[in-house]
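**Student:** Sequence:
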Amino acid sequence: EARDKIRFGRSRKSLAMTDSEKRLTAFHEAGHAIVTVLEPKADPLHKVTIIPRGMALGVTMALPERDRYGMSRSEILARLRVCYGGRLAEELVCDDITSGAQNDIEQATELARLMVTKWGMSEKVGPISLAEGEEHLFLGREVTRTLDHSEATAQLIDAEVKRILVEAHDSAREQLRNHLDALHRVAEALLRYETLDGEEVKQLVDGVSVDDLRPAASDASPTRPASAPTRQTEPRPEGPRPEGGRPAEGFAY
Numbered sequence: 001e002a003r004d005k006i007r008f009g010r011s012r013k014s015l016a017m018t019d020s021e022k023r024l025t026a027f028h029e030a031g032h033a034i035v036t037v038l039e040p041k042a043d044p045l046h047k048v049t050i051i052p053r054g055m056a057l058g059v060t061m062a063l064p065e066r067d068r069y070g071m072s073r074s075e076i077l078a079r080l081r082v083c084y085g086g087r088l089a090e091e092l093v094c095d096d097i098t099s100g101a102q103n104d105i106e107q108a109t110e111l112a113r114l115m116v117t118k119w120g121m122s123e124k125v126g127p128i129s130l131a132e133g134e135e136h137l138f139l140g141r142e143v144t145r146t147l148d149h150s151e152a153t154a155q156l157i158d159a160e161v162k163r164i165l166v167e168a169h170d171s172a173r174e175q176l177r178n179h180l181d182a183l184h185r186v187a188e189a190l191l192r193y194e195t196l197d198g199e200e201v202k203q204l205v206d207g208v209s210v211d212d213l214r215p216a217a218s219d220a221s222p223t224r225p226a227s228a229p230t231r232q233t234e235p236r237p238e239g240p241r242p243e244g245g246r247p248a249e250g251f252a253y
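For the sequence shown, this note's numbering gives the first residue as 1, with consecutive numbering after it.
Keep in mind that the hints are not guaranteed to be accurate.
[Claimed, not checked] Straight-line distance between alpha carbons at most 27 Å, and here's what the computed DSS-like set of lysine-lysine pairs gives:
#1 Lys41 with Lys162
#2 Lys202 with Lys41
#3 Lys118 with Lys162
#4 Lys124 with Lys162
#5 Lys202 with Lys22
#6 Lys124 with Lys202
#7 Lys118 with Lys22
Since the hints were derived computationally from the structure, they do not count as laboratory data.
Let the sequences and hints guide you as you build the complete structure.
**Tutor:** Below is the structure:
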């Protein structure tokens, strides 16, 4: 709890949210959680919660099983699919999308651009590193970029980034379409219990009903357990890539 407070801010259980907002948040986080569980190359799901913290209305946290100082291409692609899980859950269940996926899309876009420009993970661009300049905030201009490559190469980079993201988006959509029943179960469990650990989400994906997930708690209170279990959590990483000499600590959505 103390680490969560440092990374995400204080929990805001008193935050006034409508039932529709809670439902939307539950499905959004359920989408992230389910894709995480389904992806063999994704970091293991640690927990998912719809308790608001800081500026976030919910958080899905994945943690590696051991210290890791880099990511493989397949691991990055899995992470991209998880990034889109929340937005796609909104689309599939609510037939609409919201601005709540802004941070997810930013994370996915940054990772995809790093794959293409820094990590040599695009066959069309090749195994080279392409600097794209620095960002500056001045004179009302948000971003200034100095390119060290041609406009044609810049267009190729943009096309490859878009291709990677669209493929990840479409793949995640197919995963959730094939697990709509599980999506509803996880969202219902989040609305009932507010926080689930990774093992509980796996059980729900495997077909366990919400009532059977915590039978003792369900018998005691059909809508919400008397007290949610306290789980020790790890801090959220500073960004999508580990700094030199520091292991990757996991990812939050």
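**Student:** Hint by hint, note whether the structure agrees.
**Tutor:** Checked hints:
no. : hint               : in the structure
1   : Lys41 with Lys162  : holds (22 Å)
2   : Lys202 with Lys41  : holds (15 Å)
3   : Lys118 with Lys162 : holds (16 Å)
4   : Lys124 with Lys162 : holds (13 Å)
5   : Lys202 with Lys22  : holds (22 Å)
6   : Lys124 with Lys202 : violated (37 Å)
7   : Lys118 with Lys22  : violated (39 Å)
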